[in-house]
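With the sequences and hints as input, model every part of the structure.
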Amino acid sequence: MNTSSLTLVGFGPDGWGKLLVIAAGLTLIAALCSFAIGGLLGTAGAALKLSSAPLLRWIGTFYTTVLRGIPEILIVYLFYFGGSLALTHLMHLAGFPGFFSLPSFVIGVVAIGLVSGAYQTEAYRSAYLRLDRGQIEAGKACGMSRTVLLWRIIAPQTLRFALPALGNIWQSVLKETALLSIIGLVELLRQSTIASGATRQPLLFYGTAALLYLLMGQLTGFGIRSVEKRLGRCWER
Amino acid sequence: METTQPHIIPASAATTAPVITTRQLTKRYGALEVLRGIDLDAHEGEVISILGASGSGKSTFLRCLNLLEIPTSGSLTVLDENIRFRQQGNELRIADQKQVNRLRSQVGMVFQNFCLWSHKTVLQNVMEAPIHVQGRNRQEVRDEAQKALDRVGMLNRADYYPSQLSGGQQQRVAIARALVMQPRVLLFDEPTSALDPQLVGEVLKVMQDLAAEGRTMLIVTHEMAFARDVSSRIVFLEQGTVRAQGTPQALFQGGMDERFDQFVSHFMRKT
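If you read the sequences in order, they're chains W and U.
Just so you know, we're using my numbering here: the first sequence kicks off at 1 and counts up by one.
Just so you know, we're using my numbering here: the second sequence kicks off at 1 and counts up by one.
The set of hints was computed from the structure by calculation and includes no laboratory data.
Keep in mind the model is a prediction, meaning the values are calculated, not measured.
Even for Gly, the Cβ is constructed at its ideal location relative to N, Cα and C.
There is no bait here: all hints are sound.
Label pairs and their in silico Cβ distance ranges:
| hint | chain 1 | residue 1 | chain 2 | residue 2 | range |
| --- | --- | --- | --- | --- | --- |
| 1 | U | Q99 | W | S52 | 16 to 26 angstroms |
| 2 | W | G134 | U | E81 | 20 to 30 angstroms |
| 3 | U | R36 | W | R130 | 34 to 44 angstroms |
| 4 | W | N168 | U | T77 | 47 to 57 angstroms |
| 5 | W | L231 | U | Q198 | 27 to 37 angstroms |
| 6 | U | M268 | W | E228 | 49 to 59 angstroms |
| 7 | W | L129 | U | D229 | 35 to 45 angstroms |
| 8 | U | E91 | W | G221 | 45 to 55 angstroms |
| 9 | W | R230 | U | D261 | 51 to 61 angstroms |
| 10 | U | R184 | W | P54 | 36 to 46 angstroms |
| 11 | W | N168 | U | D150 | 37 to 47 angstroms |
Computed list of lysine to aspartate or glutamate pairs in EDC-like fashion (alpha-carbon distance at most 20 angstroms, straight line):
| hint | chain 1 | residue 1 | chain 2 | residue 2 |
| --- | --- | --- | --- | --- |
| 12 | U | K120 | W | D132 |
| 13 | W | K140 | U | E69 |
| 14 | U | K120 | W | E228 |
Written out as structure tokens, the structure is:
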């Protein structure tokens, strides 16, 4: 790497460094929001799939099958164009002519959150199935209500069992946010594309982006593993 | 005979209200009839051992008493409260979950597999229900939890996780977890069956001390010597009915019930 390359990715007046870091921050925020939405949907999905009512189980299965079976990029497109069409239609009905579109951040985060939720459903469901029924009975036998049992016994243990799978899902959510570049969000990949176009140095900027993705993935992965280890103490002998 | 075991007072037991009463309690799983109409009165201070071969329904019966199993028919009275059921098809359902939760908090249970909560330390296991079920003050509960652990000789393991303890130690913690709730009755479901032989003694010792204190206990067990020496009454189940019951002295001397004698001699041969 020669000096001019370093200048280009640096933080000087001619450098793209600051913009790349901001874009990486946006990537991280988008990933966090998507993962959180996925967490809510995953909890609901697992509850549906574990329900004793066949209809609810069917809804849960439908959700996970469909969203895991369609390419993510297609889901982002469907949400982007479908969402805008629906909004425009609604606005017309309300008497506002013209074309309306939803902010791409919201659309993208919801779309990726939905996919992540389908995977998180499976993570929570299989973790729940690993719980020791005896420990749940012990809670009941002490007079615990369903709520106390859920929050004090079931949720912490399920979360602990789901953590390794959730770590993998987080890593893929982080990477999938790159899809938001196609609907105009200036996250890390999009910013790199802009920079390489302006400087005619695609390899430099895509390489830098790759390193930043790796760095974010490794750092957060390290964090997740240390939490996993701390919570795992009680299962070790 | 009663003078040697001061906590058995059949005369007064007949006059005090029973702590647990069942009438014609049945339990069916599909076509399988596990309990076929059991009547039992457990009075304050009684230590009742429930014996019987595998499949005689003894564990199922015990689990009905705190509604971990819902009976198919019959009536159940716990601490002077009639458990309210509602009929749904051929099954009974709990009509008032709050009533059941309230009664469960006054009936302690010790399981065969200990069933300590594995994400909590020993002390946290014991403090959990008093704080989150009974809503008691944390500091006060901590003191009592430590006392309960001290009683079962486990105070020096307060900060361990269950997985770091032997089976016998886990079971003693489970007993402390039940005791700290200040229960009116204690149910033991084969408390020593999952233990290595050399660990059985430490658990039986704790149970014997509790019996000597005059605690009301119902124990499903295969420990014949313990049942004979510690209980005030033996209830012998066979195929879901009470085949024989009485004081251990009366039953164990033989000749009272042929099937019980066979059961005991079979057991003594095996162990």
